[in-house]
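Please model the complete structure; the sequences and the hints are all you need to start from.
If you read the sequences in order, they're chains F and U.
Note that the first sequence covers residues 1 to 341 in the working numbering.
Note that the second sequence covers residues 1001 to 1282 in the working numbering.
Heads up, some of the hints might be wrong.
[Stated by the list, open to error] So the derived list for chain U, only partly shown, Cβ under 10 Å to chain F, looks like this:
#1 I1005
#2 L1009
#3 S1011
#4 P1090
#5 A1093
#6 I1094
#7 S1101
#8 L1110
#9 P1135
#10 R1221
#11 F1223
#12 A1262
#13 F1274
[Claimed, not checked] Cross-link-like lysine to any residue pairs, in silico, SDA-like; alpha carbons within 20 Å at most:
#14 U:K1080 x F:S309
#15 F:K208 x F:G127
#16 U:K1080 x F:L313
#17 F:K216 x F:L316
#18 F:K216 x F:L317
#19 F:K216 x F:G130
#20 U:K1184 x U:L1082
#21 U:K1080 x F:L316
#22 U:K1080 x F:K294
#23 F:K216 x F:L206
#24 U:K1157 x U:S1171
#25 F:K208 x U:N1089
#26 F:K197 x F:S22
#27 F:K294 x U:I1103
#28 F:K208 x U:S1172
#29 U:K1184 x U:S1172
#30 F:K197 x F:L30
#31 F:K197 x F:V27
Read the hints as simulated data drawn from the structure, not as lab findings.
We put the beta carbon where it would ideally sit given N, CA and C, even for glycine.
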Amino acid sequence: MSANIDHTPVPGKLAVSKLKPSILIAVLMLTVLAALPLFIDGYTLGSYRDILLLGLFALSLDIFWGRTGILSFGHATFFGLGAYGMAVATTRFGIDPYWVSVIGLLTGVGLAASVSLIVGYFMLYGGVRGAYFTIVTLALTLIANQIAVGWSSVTGGDSGLIGVPPFSILGYSFVGPAASYYLALSLLALCLLVALKVMHGRIGLLLKAVQDNELKVRTLGYRTQFVLLATFVVSATIAGLAGAIYATCTGFVAPDMIALLLSTEVIIWVAVGGSGTLTGAVIGTFIVWQLQQKISSYSVAAWPIFIGSFFILLVLLFPKGLPAFLMDKLRPGAKKEKAVQ
Amino acid sequence: MDVAIPFLLNSLTLISILLIVAMGLAIIFGLMNVINLAHGEFITIGAFTLVVVQAAGGSFWLALLVAPVVGYVIGLALEKILIARVYTNPLHAILVTWGLSLIIQQVLVLGFGASPQRVSGPFDGAVDILGVTYPLYRLFLIGFALAVFVATILLFKKTRFGLDLRASIQSSEMASVMGVNADKINARAFALGAALASLAGVLLAPMAAVTAYMGINYLARSFFVVLVGGAGSVGGVAAGSTIIGGLETALSYQVPSTVAQALVLVLAIIILRFRPTGILPA
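Encoded structure:
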């Protein structure tokens, strides 16, 4: 028995063999994205930059949902807090332009981090898991949206706030599509590669173990509630970062950046890419975003119907996520990942 | 007295609506551990039944009879076609019911337009209660909703269906060993919850803006009721509705209603920290 009671988890073969292709795909994807401004520019590049930031947002959800199996329906709250924090700090107080972006960033990210810390503490330490967690976070988005619409003296109400300056740090301003594109890309690359590294290491294994059987992991002496809370806060902080930078790129914030529909869409981006794969979240964002542009240009009302049908199809036809479904088709009988828990 | 009575009656209005809306949610959650995110849409369906009935020349009372039937039939059909497939996986249930909710909202927008619909209540006017005038319709609403709630309790306590239902909530495995048809109970309970929500929709319609998105606010409140009160028990629903409804009404006297809702959420989260399964779980 004593041989089994060992507190250092041995990185299994599974983790090592999974690490290689996903990092390879991530690096390949980032290289292609880095070369993109050579071929396109102007408005198109600007929309790709937006997708990169939304991809970063999707990545943040995947870090929590994909790795802990607990679905957060409230990630738009953190994205929106980042965006609104940035917008309010930069447009309302007349701060010195040299520092204004940094202060805005700290405000937005700080708001997202502290709200997630408070909400996460009460729920995760209170033993709230699974479906309960999902609906409380859903309510969180609903109320955050109502506050964004209702508190119009600060948030601008329905019309939002305009005039958020482009992101600048130490006097260098990321003006123009190419500069802001590379800013978005480097943030995404940094977060993605670090997340892949961490999730394939000890912490990733620990989270996987918590997902399988939290009680057992706690019995082995790990502070599972702390691990879950830390993951939640990191995830929300990245979402806030994506939101804050998104606001500086588009130059405005509006209540639909903190709305339930956005929380819903980000779940789809992650589910299409295969939850838990991290790189997949970014790829999923690219695929669904293109699709959304096509469908929305056909009819605005068609998009929510499409999302709704997609959720139902996802569960009934591809309960393990699209990539796993395709993998099964390609390699019959192969062992597949659990995508949608 | 001048302040206390309107406050009491305003609280009771919200509480009585929450009672019948949250009942369906709590039963479905307690019975099948399924969170029905499309529950709010049954309120909307009820309200739109009133719109259609009144547009066709029917009265409020006709709609009050028709709406639960419409809710029951739609609920039963959706349960058989979709929901029954996802009971084993709570996350799948959330995604499917959320998908349903989005589809129902958009279909209603396409059919009726996005602007608020025109409905009228059965009677206007106000009555004097201890020197305070109060709208007659709201008094009717409180009385009717409480009667429906009591009828639902009797259904649970006195009928064979109620017995089977309570047995299934306690242990669905043991109940099916004893010969309770679990599929049938699940389908009926789901449809019953939908019918109650539709009824609430008709009651709400004369005093709310009837739009395709009206259900979502009551969905969130009903969640708080189930979270705070506890799932699967009548007592939990009553306790939760009283706390959430009373608190929100009290707070909305002092602060804007959005802030009041935010404070209610904060309180619900704090209560969860200490009683993760609610105040009165099944």
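Evaluation of the provided hints:
1. Contact between I1005 of chain U and chain F, as hinted, is not supported at the beta carbon level, the nearest pair being about 28 Å apart and thus beyond 10 Å.
2. For L1009 of chain U, the suggested interface contact is broken, since its CB lies about 25 Å from the closest CB of chain F, more than 10 Å.
3. Because the smallest distance between the Cβ of S1011 of chain U and any Cβ of chain F comes to about 20 Å, over 10 Å, the interface hint for this residue is violated.
4. Of the supplied interface hints, the one on P1090 of chain U holds, with its beta-carbon coming within about 4 Å of a beta-carbon of chain F, less than 10 Å.
5. Nearest Cβ of chain F to the Cβ of A1093 of chain U: about 8 Å, under the 10 Å cut. The hint holds.
6. Look at I1094 of chain U: its Cβ gets to within about 6 Å of chain F, closer than 10 Å, so that hint holds up.
7. For S1101 of chain U, the interface hint holds, since its Cβ comes within 10 Å of a Cβ in chain F; the closest pair sits about 7 Å apart.
8. Interface hint at L1110 of chain U: satisfied, since its Cβ lies 6 Å from the closest Cβ of chain F, which is below the 10 Å cut-off.
9. Hint status for P1135 of chain U relative to chain F: violated, with the closest Cβ pair at about 25 Å, above 10 Å.
10. Hint on R1221 of chain U holds. Least Cβ distance to chain F is approximately 9 Å, under the 10 Å limit.
11. Checking F1223 of chain U against chain F: minimum C-beta separation of about 5 Å stays under 10 Å; hint holds.
12. For A1262 of chain U, the shortest C-beta to C-beta distance to chain F is roughly 5 Å, which falls under 10 Å, so the interface hint holds.
13. The criterion of a C-beta within 10 Å of any C-beta in chain F is met by F1274 of chain U, whose closest approach is roughly 7 Å, and the hint holds.
14. Note on K1080 of chain U and S309 of chain F: the hinted pairing holds, with a Cα-Cα distance of about 17 Å set against a maximum of 20 Å.
15. For the given pair, K208 of chain F sits about 18 Å from G127 of chain F by alpha-carbon distance, which is consistent with the 20 Å threshold.
16. Restraint check for K1080 of chain U and L313 of chain F: satisfied, since their Cα atoms lie roughly 16 Å apart, inside the 20 Å limit.
17. Simply put, K216 of chain F and L316 of chain F have alpha-carbon atoms about 31 Å apart, too far for the 20 Å limit, and the pair is violated.
18. Taking the CA atoms of K216 of chain F and L317 of chain F, the gap is about 32 Å. The hint is violated against a cut of 20 Å.
19. Taking the CA atoms of K216 of chain F and G130 of chain F, the gap is about 17 Å. The hint holds against a cut of 20 Å.
20. For the proposed pair K1184 of chain U and L1082 of chain U, the alpha carbon gap of about 15 Å is at most 20 Å, so the pair holds.
21. Restraint check for K1080 of chain U and L316 of chain F: the C-alpha separation of about 14 Å stays at or below 20 Å, so the hint holds.
22. Only pairs whose Cα atoms come within 20 Å are accepted, and K1080 of chain U paired with K294 of chain F is rejected, the gap being roughly 33 Å.
23. Under the criterion of a C-alpha separation no larger than 20 Å, the hint pairing K216 of chain F with L206 of chain F is consistent with the structure, at around 11 Å.
24. A distance of roughly 17 Å separates the Cα atoms of K1157 of chain U and S1171 of chain U; the hinted pair therefore holds under the 20 Å criterion.
25. A distance of roughly 19 Å separates the Cα atoms of K208 of chain F and N1089 of chain U; the hinted pair therefore holds under the 20 Å criterion.
26. Our distance criterion of 20 Å between C-alpha atoms is met by K197 of chain F and S22 of chain F, whose separation comes to about 10 Å.
27. Taking the CA atoms of K294 of chain F and I1103 of chain U, the gap is near 19 Å; set against the 20 Å cutoff, the hint holds.
28. Only pairs whose Cα atoms come within 20 Å are accepted, and K208 of chain F paired with S1172 of chain U is rejected, the gap being roughly 30 Å.
29. With a C-alpha separation of about 12 Å, the suggested pairing of K1184 of chain U with S1172 of chain U holds against the 20 Å cut-off.
30. Taking the CA atoms of K197 of chain F and L30 of chain F, the gap is about 15 Å. The hint holds against a cut of 20 Å.
31. Restraint check for K197 of chain F and V27 of chain F: the C-alpha separation of about 12 Å stays at or below 20 Å, so the hint holds.
In this structure, the hints that do not hold are numbers 1, 2, 3, 9, 17, 18, 22 and 28, in rising order.
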